[in-house]
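Quick note, the sequences are listed as chains A and B, same order. Each residue of the first sequence is one higher than the one before, starting from -11 at the first, in the numbering used here. Each residue of the second sequence is one higher than the one before, starting from -11 at the first, in the numbering used here.
If you're looking for bench data, these hints aren't it; they were derived computationally from the structure. Be aware that one or more of the hints could be misleading.
Simulated crosslink set (DSSO-like; lysine-lysine; CA at most 27 Å straight-line) [said to hold, decoys possible]:
(1) Lys611/A x Lys581/B
(2) Lys612/A x Lys297/B
(3) Lys496/B x Lys297/A
(4) Lys611/A x Lys2/B
Some, not all, of what chain B presents toward chain A, calculated at C-beta under 8 Å [claimed, not checked]:
(5) Pro234
(6) Tyr236
(7) Pro384
(8) Ser387
(9) His395
(10) Leu397
(11) Cys471
(12) Ala531
(13) Arg536
(14) Ala539
(15) Ala564
(16) Gly599
(17) Tyr604
(18) Arg605
Ideal Cβ placement from N, Cα and C applies to all residues, glycine included.
Protein chains: 2
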Amino acid sequence: MVTTMKNLNVPNIKSVKIEHDGFFGHLSELVRENVIPYQWETLNDRTEGADKSHCIENFKIAAGEAEGSFYGFVFQDSDLAKWLEAVAYSLMTNPDPELEATADEAIALIGRAQQKDGYLNTYYTIKEPGHRWTNMRDNHELYCAGHMMEAAAAYYEATGKRELLDIMTRMAHHIDSVIGPEEGKLHGYPGHEEIELALVSMYHATGDETMLKLAKYFVDERGRRPAFFELEDEKRHPDHHHHPLPEYMVNNAGLYAQWHLPIREQTALEGHSVRALYMATGVADVARETGDESLLQTCRTLYDNLVHKRMYVTGGVGSSANGERFTFDYDLPNDTVYAETCASIALCFFMRAMLQIEPKSCYADTLETALYNTCIAGMSLDGKNFFYVNPLEVYPEASHKNPDKRHVLPVRPKWFGCACCPPNLARLITSIGKYIYTIDGDRIYMNLFVGAKTELETSGDKVTLSVKTEYPNDGKITVSCGCGHYTLALRIPAYCCGKYTLSVNGEKYAAEDDNGYAAITRDWCEGDTVTLELPVEPHRVYANYNVRADAGKVAVRRGPIVYCLEEADNETPLPAVSLPRSSELHCEYVPDKLEGIYEITADGYIECDDGDDTLYRMTPPTKKPVKLTFIPYYKWANRGEGEMTVYVAEN
Amino acid sequence: MVTTMKNLNVPNIKSVKIEHDGFFGHLSELVRENVIPYQWETLNDRTEGADKSHCIENFKIAAGEAEGSFYGFVFQDSDLAKWLEAVAYSLMTNPDPELEATADEAIALIGRAQQKDGYLNTYYTIKEPGHRWTNMRDNHELYCAGHMMEAAAAYYEATGKRELLDIMTRMAHHIDSVIGPEEGKLHGYPGHEEIELALVSMYHATGDETMLKLAKYFVDERGRRPAFFELEDEKRHPDHHHHPLPEYMVNNAGLYAQWHLPIREQTALEGHSVRALYMATGVADVARETGDESLLQTCRTLYDNLVHKRMYVTGGVGSSANGERFTFDYDLPNDTVYAETCASIALCFFMRAMLQIEPKSCYADTLETALYNTCIAGMSLDGKNFFYVNPLEVYPEASHKNPDKRHVLPVRPKWFGCACCPPNLARLITSIGKYIYTIDGDRIYMNLFVGAKTELETSGDKVTLSVKTEYPNDGKITVSCGCGHYTLALRIPAYCCGKYTLSVNGEKYAAEDDNGYAAITRDWCEGDTVTLELPVEPHRVYANYNVRADAGKVAVRRGPIVYCLEEADNETPLPAVSLPRSSELHCEYVPDKLEGIYEITADGYIECDDGDDTLYRMTPPTKKPVKLTFIPYYKWANRGEGEMTVYVAEN
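Excised from the complex, chain A in its bound form (with noise of 0.2 Å):
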């Protein structure tokens, strides 16, 4: 079969040079500021009433220069693996030698907790070491493996240093001579993905052949028949008895983690949220680096479905708290979601993936949107506490009182035992130089409008592209547009409609529609300039009749920032209150609010009681106006507890 897949470049995070003041420039230096620091000194049990975590401990243990036994969770390890990948980022903008050295040592800890043969994990070291795969169903070592990939491969590519890149090739070396198609081999795949995407990167640091094939034997060997979790399970359970399945593993035991069907006939994405987006991302690298139309097709068809029925507004993903998990199409409840910072993060990973292979707007328009609204979310506003859950709908009191909503938090707390979302936050923020631009020949595809200097290299040209811009809290992006011949694809997000202003040194231009971008080629010279557009007002949201949560609801929306209503601007109960369709959305900048936020007023209506306090009664209930105040979701939950709401009653 002949193969026309593209495979567009991305630009090297070093030769994009994040505005200081702009949306992400702020962002990043929370991470760096406080998210990295914090980590390291939570990794070393130094913060003072934070969770144990004793990762570090762990990776001293099995080096053995420490006494004492393993503790955490069984991957634990992954989260020295973050915070490196997030570390590598970071320097790659912001050199710190003090912060290398520590990086360098805790790199050579690694080192010295690998075992001869390569094999790298310190609960299977120090626990259980003669029971290496064994469990890869529910035991991550192929999890921690592959993240502890893309930290060697980010460090690499940040410092030119080889160590950490050197034990990761030699474990991924071990897994290839335990793990694949050959007999005497376990067939098996990870019982959560990571290590697909990661072997990737790993390959294109290497140019190591074994980390791709390896990568895409995982993708193709995943959810074959018989399967290979169900004879491992017989193997760690000879008797047949009394071994139950977790309870998410229940009825449908390989749908939590994706293994229901092979992957070429999965045509939704299943189960666990974070797990099933890892995959989608792997899958792509994989269809990218190989070829493989079959792969390209199936990303584009979990896509589909996702975008089209399995994702919130916010881009949150994940319809249930039991088994952190998709459910079914147009499940979306915004009270019991589930939503988790890191399944948005990971979304971001597969559309930056998609974007690698075909230059659709439509990959970018749903990373803006999970980007924007739940990944950052995520964060409190001075970078300390942090969310797992991202609900569209917080009643503080059912948080508290009914078990069903126990993890819908309404505030962000410092940190967790299960430590994934922060680091993870950590390292999408550091590296959002990633996900600006794809090249593809000579045509420079603009997919976020980031205030940034870049170096870009077209097939032709050397390119420096400058962009100013407030975006998303304006909708005016300037380019300054370095000498050259190419194509400048800008996209046009969806919310537009097709409405946008575009002009070149001042003058109005029709741009040709390039799948969803305004693409300009011209031969450019030094002092060019466009100046695109976006029309970001205030807008209402409809969700598709079929979505049970949203009927008679609507959301508000400014570019591509969903708003929400929170208690402490507004009358409660919020289910009580709605906005007439007729209602004007009136949008002012509030300098003192939140660190500064476009906010959104309307008239709108609750419902009272009128000294009737039955519970149930034949007289409607009567309502009275109130101005209803919205605020951007992802700055939610910033004063203390109180309800929330995306959707609101239309009638």
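Use these hints to put chain B onto chain A, whose structure you have.
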């Protein structure tokens, strides 16, 4: 303290001859012909395809008449108890020598399974003979004893046979020797309430003061500090290591089983809803028998909170499946609800107990709501399939694919491993004769409108009342009154809003209002007839604006019967359907539908997609007119799997 507390009489079931063709005549027949024989076969493990019960076998093993080990729940014994109780009620109205002989045999077996010291519980006798009374929190010894005591009192009343009564008297004395306030006894109480109300029944049957003393002790001791269950737990786990609480007890262990506070300090029904309502019934019974005003006040407080803040419009109770429990005020989700059949049955018990203390129509209104909606919805039209959970909104795909709604079954299954609801419903329906009247001196309160001929004893007369009615299908109730001087007080349901027509011997009568009853006092002569006409027209019901799940929605009711929309009659998705406030509700009898129903129809709307299949869009949805067809809620799910909703959007 001088008490003025009343103690109203209830006629013996034997003296109530239910109309064969009436509402309850039909239901009783279903129970007699289906449930009672089916359950006996199941208890004996002779039902093909049903889960193994092993209940009779457990008794045989405990009696030393069979080999084997205990099987089933720790409360398996109670299945036989509930069957015997239903049999007793059935024998009172429909003598059946063959059934009575079967019951006698079972009772003899129970006698042989009883231990020499009076102890009766097959789980402990077979499985943990040395560990009686070591885990009263979880292991249901007192609960099982309570159910068998209820059966004993009922069977004695039905047949005059003392054997089971004597067995359970011995057990009660054994309990009294082990548990109580005296030094050297366990200062405990049941982890699942039930024995309190049962001991009061035993007290009535035997006159033995020990029964009432024990019941009062259990009520008074509950929730005191130091908490018995905490001390008991420490005794079981002296090392304090690794004895995690069941998940539903986490945070506030006492709340689940109502030992968070002493009973007189409790202000709302909390935790497991069946436990809570059995407790409330026992508290009311003890209040009545002892004249304890503080306990009565507690019952009133619990009742007020329940009906004003914690009960579904269908009389369902219990807002979360996690712990099958109450959650908090106004938390009444329709689609994740628990609303166990048993909990509404227990609510009927509580209301009858309250009606025996004070004749207030509100208690009978609540009884009627629970009975005619949630309780009888528990059984299929053919009497062969049963619901535990009675949701107000069902989407079958969600039940199958969203684990949060796994407990919400869209069709009634045949029977359950945990066989609590079907036999509980059987004993409620066969004892309906106990719910119709309460008698206070020479005042006869008619609480339910049931076609029946009843012999009653007032303080001065023996009176026969003969009621003819199609209620609740028709609002006309005709009472032929026997001779005597007495007051006939007919409940005027709250849904009438004070509108009704009352006539005596064909002439309009302006009745005195006695706590919501229309009271007629006179010297009645043979042939005197009272006719009450209640308006059972269809009407709308609105939930209090604090009920978040029902905001902007409306329910439809006719008389006490709550209606619902089913997929079999309506376009879907039902959440996209709306019923404008201005639409007229038409009502028509449809004889060949669901064994005959009064169907309600109205003009409504449904949202449609206009060919736009995007998930989120900026244009409002359009609506098209549809005809909405409502059926009585208690007859839902008798036509296969489909959507159902009680609440409909009103805009």
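Verification of the supplied hints:
1. Lys611/A x Lys581/B: violated, 39 Å
2. Lys612/A x Lys297/B: holds, 23 Å
3. Lys496/B x Lys297/A: Roughly 62 Å between the alpha carbons, so the hint for Lys496/B and Lys297/A is violated.
4. Lys611/A x Lys2/B: This hinted pair is violated, its Cα atoms lying about 53 Å apart.
5. Pro234: Violated: closest Cβ of chain A sits about 12 Å from Pro234/B, beyond 8 Å.
6. Tyr236: Where the cut-off is 8 Å and the nearest Cβ of chain A is about 7 Å from Tyr236/B, the hint holds.
7. Pro384: For Pro384/B, the interface hint is violated, since the closest Cβ of chain A sits about 11 Å away, which is over 8 Å.
8. Ser387: Violated: closest Cβ of chain A sits about 11 Å from Ser387/B, beyond 8 Å.
9. His395: With a closest approach of 10 Å, the His395/B hint is violated.
10. Leu397: Not OK, violated: Leu397/B not within 8 Å of chain A, min 14 Å.
11. Cys471: Violated: closest Cβ of chain A sits about 40 Å from Cys471/B, beyond 8 Å.
12. Ala531: It holds, given that the least Cβ distance between Ala531/B and chain A is near 6 Å, below 8 Å.
13. Arg536: Nearest chain A Cβ about 4 Å off; hint holds.
14. Ala539: holds, 4 Å
15. Ala564: holds, 5 Å
16. Gly599: This interface hint is violated because 12 Å lies over the 8 Å limit.
17. Tyr604: With a minimum Cβ separation of about 5 Å from chain A (threshold 8 Å), the hint on Tyr604/B holds.
18. Arg605: At 6 Å from the nearest chain A Cβ, Arg605/B passes the 8 Å test, so the hint holds.
Hint check: violations occur at hints 1, 3, 4, 5, 7, 8, 9, 10, 11 and 16; the rest are consistent with the structure.
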